[in-house]
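As you go down the protein sequences, you meet chains A, C, D, Z and P in turn.
Counting with full-length UniProt numbering, you get residues 1 to 84 for the letters of the first sequence.
Counting with full-length UniProt numbering, you get residues 1 to 84 for the letters of the second sequence.
Counting with full-length UniProt numbering, you get residues 1 to 84 for the letters of the third sequence.
Counting with full-length UniProt numbering, you get residues 1 to 84 for the letters of the fourth sequence.
Counting with full-length UniProt numbering, you get residues 1 to 84 for the letters of the fifth sequence.
Think of the hints as simulated: they come from the structure by calculation, not from any bench.
Among the hints, a few may not be true.
Put simply, identical chains are the same to the list, so a pair is met inside one copy or across any two.
Quick list of in silico lysine-lysine cross-link-like pairs, DSSO-like style, CA-CA up to 27 Å [what the hints assert, rightly or not]:
no.	residue 1	residue 2
1	Lys65	Lys14
2	Lys14	Lys44
3	Lys33	Lys44
4	Lys33	Lys14
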Amino acid sequence: MNIQRVVRNLVTTKRHFWLTTQSLRVVENASGKLEVALDPIGCKPGDFVITVEGTAARLATDNPKITTDLTIGGIIDHWSEDDW
Amino acid sequence: MNIQRVVRNLVTTKRHFWLTTQSLRVVENASGKLEVALDPIGCKPGDFVITVEGTAARLATDNPKITTDLTIGGIIDHWSEDDW
Amino acid sequence: MNIQRVVRNLVTTKRHFWLTTQSLRVVENASGKLEVALDPIGCKPGDFVITVEGTAARLATDNPKITTDLTIGGIIDHWSEDDW
Amino acid sequence: MNIQRVVRNLVTTKRHFWLTTQSLRVVENASGKLEVALDPIGCKPGDFVITVEGTAARLATDNPKITTDLTIGGIIDHWSEDDW
Amino acid sequence: MNIQRVVRNLVTTKRHFWLTTQSLRVVENASGKLEVALDPIGCKPGDFVITVEGTAARLATDNPKITTDLTIGGIIDHWSEDDW
Numbered sequence: 001m002n003i004q005r006v007v008r009n010l011v012t013t014k015r016h017f018w019l020t021t022q023s024l025r026v027v028e029n030a031s032g033k034l035e036v037a038l039d040p041i042g043c044k045p046g047d048f049v050i051t052v053e054g055t056a057a058r059l060a061t062d063n064p065k066i067t068t069d070l071t072i073g074g075i076i077d078h079w080s081e082d083d084w
Numbered sequence: 001m002n003i004q005r006v007v008r009n010l011v012t013t014k015r016h017f018w019l020t021t022q023s024l025r026v027v028e029n030a031s032g033k034l035e036v037a038l039d040p041i042g043c044k045p046g047d048f049v050i051t052v053e054g055t056a057a058r059l060a061t062d063n064p065k066i067t068t069d070l071t072i073g074g075i076i077d078h079w080s081e082d083d084w
Numbered sequence: 001m002n003i004q005r006v007v008r009n010l011v012t013t014k015r016h017f018w019l020t021t022q023s024l025r026v027v028e029n030a031s032g033k034l035e036v037a038l039d040p041i042g043c044k045p046g047d048f049v050i051t052v053e054g055t056a057a058r059l060a061t062d063n064p065k066i067t068t069d070l071t072i073g074g075i076i077d078h079w080s081e082d083d084w
Numbered sequence: 001m002n003i004q005r006v007v008r009n010l011v012t013t014k015r016h017f018w019l020t021t022q023s024l025r026v027v028e029n030a031s032g033k034l035e036v037a038l039d040p041i042g043c044k045p046g047d048f049v050i051t052v053e054g055t056a057a058r059l060a061t062d063n064p065k066i067t068t069d070l071t072i073g074g075i076i077d078h079w080s081e082d083d084w
Numbered sequence: 001m002n003i004q005r006v007v008r009n010l011v012t013t014k015r016h017f018w019l020t021t022q023s024l025r026v027v028e029n030a031s032g033k034l035e036v037a038l039d040p041i042g043c044k045p046g047d048f049v050i051t052v053e054g055t056a057a058r059l060a061t062d063n064p065k066i067t068t069d070l071t072i073g074g075i076i077d078h079w080s081e082d083d084w
C-alpha cells in the first residue's frame, strides 16, 4: 500500500457506469505525483491515507465490479510531511 | 486511477481480435509520457480524463475479454494544465 | 519480490474492514521510498524482508479477501545496507 | 497499452513449458528501455506496436495459461520516432 | 517480460508457507536495481534470464498458490552486458 495525501475532490459528470455513484479524490504522494482514488471511507483534503491498488482496490469497495484500480484503505493517525 | 489528456486517435489495421472494434486513443500524463487507452465513452483530443489500469480496465469495457490494460473511465469537468 | 527494510509500525484507527485486524508496517526500499506492507510473519523495525505485491500479496495472507497489495513474505537472513 | 518498437527476436533454448512454442521479441520504449513481449501477430524488427500487460497480456494469446505479462496487441499504422 | 541477470541465491529461514520449498534468486536489471525471483528452472549466478511478473509469475510455477510476483521464465542464449 502507498501513503498518499488527499488533495481535493474530483468532479466528472461523464463517467463509466460502475464509477458513477462513487466518491473520487485526487491524492498526491511524497513526490507530488497526482492520482485519483476511490474513497469508501469519507476523507477530507489534508488527510494522510493508505491506498490499495490493483485487484485489491476493487475488493476494498462494497462491490468488486467497481472499476477502480486505487482505493483508500484507511486514514493514518500520526503522519506529517516530515515523515515522508 | 490516473489523470491523462487525450492526444489523438490511434490507427492500427493489424490488431488482436479482441481489440479490433474498439476505439483507441493516445493519451499523455503530466510528464508527457504517451500511452494508449481504450475509449468506451467517446473523448476528443484535449479532454482531460481519468484512466483505469489492470484488470479494472477490462471490467470498464462492455466485455472483460477485451484485452486492454488501460481504459478511459471518465472525463474530468474542471482540469487544466495548471492543475497538473 | 522486492527487498525492503521495516521502518516502523503504522497506526490507522479508521480502516477498511478487511484490514482492521492486520499488522501493518512501513517499509522502505534501497532508494528510501516508503510503502505500507501487511505483516503476517511478525517483523521488527530494521529487519530486511522480501515483499510480495499484487494478487500474490493477498494469497500470502490467511484470507485472500484481505485487501492488501503488499505483504511481507519472509525475513532475509543475511543482508545489510551494503548489499543494497 | 504502451507504444513500443520491435528490436529483434529473442532466443531462449531453456524455457518454461508455457512459453516454449511462442515467438518472443525484444521491444524498446521511447526512452530505450528493453522488455520482452510475446508476439502472436508476426512482427518484424522496426515495427511500432502497441503492447498489452498484466492479465490482459495472457488473454491476448490463444491460451490464457501462457505465462506472459507482455503481449503485442497490434501494429501501429503511422508512427515514427518523431511521434515518441 | 523483463531481462535480468542472476546475482546470487537468497537465504530466508523464516518464510511464508507457500514460498518455503522454492529456490529464490536475487536478480538485477540493466540499471542495477535488485529484485527477488522464484527460480523453477535452475539458474546460476551470471545467467541472463527473462522474468515474468504479476499473476503470470504464479502460473509459471507448478502451483498457482505459490505467492510469487516474479518468476524466471527462461535463460537467454545470447545476451551480454553490451545488449543491455
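Each hint tested on the structure:
In this assembly of identical chains, lysine 65 and lysine 14 lie within 27 Å of each other by CA distance both inside one copy and across copies; the values are 18 Å within and 24 Å between. For the identical chains of this complex, lysine 14 and lysine 44 are neighbours both inside a copy (23 Å) and across copies (13 Å), given an alpha-carbon limit of 27 Å. Both within a single protomer and between protomers do lysine 33 and lysine 44 lie at most 27 Å apart by alpha-carbon distance, with minima of 18 Å and 25 Å respectively. Taking CA atoms no more than 27 Å apart as the test, lysine 33 paired with lysine 14 passes in both settings, with 24 Å inside one copy and 24 Å between copies.
Checked against the numbered hints given earlier, this structure breaks none of them.
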